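Novice: Take a look at the letters that make up each chain.
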Amino acid sequence: GENVEQHPSTLSVQEGDSAVIKCTYSDSASNYFPWYKQELGKRPQLIIDIRSNVGEKKDQRIAVTLNKTAKHFSLHITETQPEDSAVYFCAASPGGDNFNKFYFGSGTKLNVKP
Amino acid sequence: NAGVMQNPRHLVRRRGQEARLRCSPMKGHSHVYWYRQLPEEGLKFMVYLQKENIIDESGMPKERFSAEFPKEGPSILRIQQVVRGDSAAYFCASSPKDSTSGNTIYFGEGSWLTVV
Numbered sequence: 006g007e008n009v010e011q012h013p014s015t016l017s018v019q020e021g022d023s024a025v026i027k028c029t030y031s032d033s034a035s036n037y038f039p040w041y042k043q044e045l046g047k048r049p050q051l052i053i054d055i056r057s058n059v060g061e062k063k064d065q066r067i068a069v070t071l072n073k074t075a076k077h078f079s080l081h082i083t084e085t086q087p088e089d090s091a092v093y094f095c096a097a098s099p100g101g102d103n104f105n106k107f108y109f110g111s112g113t114k115l116n117v118k119p
Numbered sequence: 087n088a089g090v091m092q093n094p095r096h097l098v099r100r101r102g103q104e105a106r107l108r109c110s111p112m113k114g115h116s117h118v119y120w121y122r123q124l125p126e127e128g129l130k131f132m133v134y135l136q137k138e139n140i141i142d143e144s145g146m147p148k149e150r151f152s153a154e155f156p157k158e159g160p161s162i163l164r165i166q167q168v169v170r171g172d173s174a175a176y177f178c179a180s181s182p183k184d185s186t187s188g189n190t191i192y193f194g195e196g197s198w199l200t201v202v
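In order, the protein sequences belong to chains Y and H. Using my numbering, read the first sequence as starting at 6 and increasing by one per residue. Using my numbering, read the second sequence as starting at 87 and increasing by one per residue.
These aren't lab readings, by the way, just hints derived from the structure by calculation. The model shown is predicted, which means the values in this text are computed figures rather than measured ones. Errors might be hidden in some of the hints.
What the hints assert, rightly or not - According to the in silico footprint, chain H covers these stretches of chain Y (three or more CB under 8 Å from chain H):
| hint | segment |
| --- | --- |
| 1 | 43–56 |
| 2 | 107–117 |
What the hints assert, rightly or not - Calculated pairs, DSS-like style, for lysine-lysine (alpha carbon to alpha carbon, straight line, at most 27 Å):
| hint | chain 1 | residue 1 | chain 2 | residue 2 |
| --- | --- | --- | --- | --- |
| 3 | H | Lys-137 | Y | Lys-63 |
| 4 | Y | Lys-114 | H | Lys-130 |
| 5 | Y | Lys-42 | Y | Lys-76 |
| 6 | Y | Lys-27 | H | Lys-130 |
| 7 | Y | Lys-47 | H | Lys-113 |
| 8 | Y | Lys-42 | H | Lys-113 |
| 9 | Y | Lys-42 | H | Lys-157 |
Idealized CB from N, CA, C, for every residue including glycine.
Put together the whole structure using the sequences plus the hints.
Specialist: Shown next as structure tokens:
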């Protein structure tokens, strides 16, 4: 089955700096890659996603890049703010009959220092 | 449009008791998923259901755990004879029926189970 690895496990940045979180996946059939933000005690919330026919997607301060050949994708947050502090999870969906089955990375705890 | 509804939000059970967690998907969604999140860890897939049908239960422990999504009513995740290791947050998610590959799934607020 699919294996998603996420790095780093913790990331501390100064307010205003950029943050980058990287994920790799193993199943070349995976074709949908969402990113979720989870605040303490809350549900994971979708912040951005990318499909395999696209190399990059941007939404204000958040961008995601996908390299299908290398099987890795990254989340970029620019001009970080204290409210960006949370745990971020990447995920991969393998498509086919299991196109709604998600495999999650282990999470990155982002701390934005004011 | 109400989101994915889960209850109870918090549940405390003694070892050996049963836990029942309920999930009502978003309106118009016919696919339900259960994920487990242990403290300080990521989300692990447990089971994927459609109405009256278990599609994939490869992430479910073989014993004590079961799930259903009846024709009427919410999806239920049932844990029998709970042990301390079952303490976790259980998240339900739903997605619409869609023939295209890759669907966004929407999570409920979670049910936090504590076994004492």
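Novice: Each hint should be assessed against the structure and marked as holding or not.
Specialist: Hints, one by one, checked against the model:
Here's how the segment 43–56 of chain Y fares: 7 of its residues keep a CB closer than 8 Å to some CB of chain H, so the rule of at least three is met and the hint holds. Counting residues of the segment 107–117 of chain Y whose C-beta sits closer than 8 Å to any C-beta of chain H gives 6, which meets the bar of three, so the coverage hint holds. With a C-alpha separation of about 36 Å, the suggested pairing of H:Lys-137 with Y:Lys-63 is violated against the 27 Å cut-off. Restraint check: the Cα-Cα separation between Y:Lys-114 and H:Lys-130 comes to about 17 Å, which is no more than 27 Å; the hinted pair holds.
Of the pairs offered as hints, the one joining Y:Lys-42 and Y:Lys-76 holds, with about 22 Å between alpha carbons and a cut-off of 27 Å not exceeded. At roughly 19 Å between alpha-carbon atoms, Y:Lys-27 and H:Lys-130 fall within 27 Å of each other, so this suggested pair holds. For the suggested pair Y:Lys-47 and H:Lys-113, the alpha carbons sit about 21 Å apart, so the restraint of at most 27 Å is met. A hinted pair counts as satisfied when its Cα atoms are at most 27 Å apart, and Y:Lys-42 with H:Lys-113 qualifies at roughly 23 Å.
Restraint check for Y:Lys-42 and H:Lys-157: not satisfied, since their Cα atoms lie roughly 32 Å apart, outside the 27 Å limit.
In this structure, the hints that do not hold are numbers 3 and 9, in rising order.
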